[in-house]
Amino acid sequence: MVARLLLGLTFVAALAGCERQPRAGADAAALRRLVGSDPVVVLSTRECGYCFRLRNDLGAWGVRYREVDVERSEEGRRAFALLRASGVPIVLIDQTVVHGYAPRRIRRLLAEAELLPAGAAAPSS
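The sequence shown runs -1 to 123 under our numbering.
Think of the hints as simulated: they come from the structure by calculation, not from any bench. Accuracy of the hints is not assured; some may be wrong.
Simulated DEER-style distance windows between Cβ atoms [as the list claims (entries may be wrong)]:
| hint | residue 1 | residue 2 | range |
| --- | --- | --- | --- |
| 1 | 109 | 64 | 13 to 23 angstroms |
| 2 | 72 | 109 | 24 to 34 angstroms |
| 3 | 80 | 116 | 32 to 42 angstroms |
| 4 | 110 | 27 | 34 to 44 angstroms |
| 5 | 117 | 82 | 32 to 42 angstroms |
Note that CB positions come from ideal geometry on N, CA and C, so glycine has one too.
Working from the sequences, and respecting the hints, build out all of it.
Okay, here's the thing in structure tokens:
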């Protein structure tokens, strides 16, 4: 019960849509070993409102991505722990980690990595 409450509180922090640089010690190579080589990986949960918005944005932009649920998969739990994350969504674009719902930054990183199809819609916020 307490663990579920704490997990719920960590996801509430994501509702603020905070954007942070990767924490010291967050190893993109180790994260890649956990989640695979897909250029875009989203760590999320089913119930997260910002995760829903991010999925919609990525779909509208025509971006292919792999989604890993941090509550329902061992791989997701390990990735979340490795990053010492405080909430979702977390987006891995090549070797860059973005914490929180930051559509403008995510779109810019996708464009820089040449992963954003030409004519992709503008971010929702």
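Going through the hints against the structure:
no.	hint	result
1	109 to 64: 13 to 23 angstroms	19 angstroms, holds
2	72 to 109: 24 to 34 angstroms	33 angstroms, holds
3	80 to 116: 32 to 42 angstroms	34 angstroms, holds
4	110 to 27: 34 to 44 angstroms	20 angstroms, violated
5	117 to 82: 32 to 42 angstroms	37 angstroms, holds
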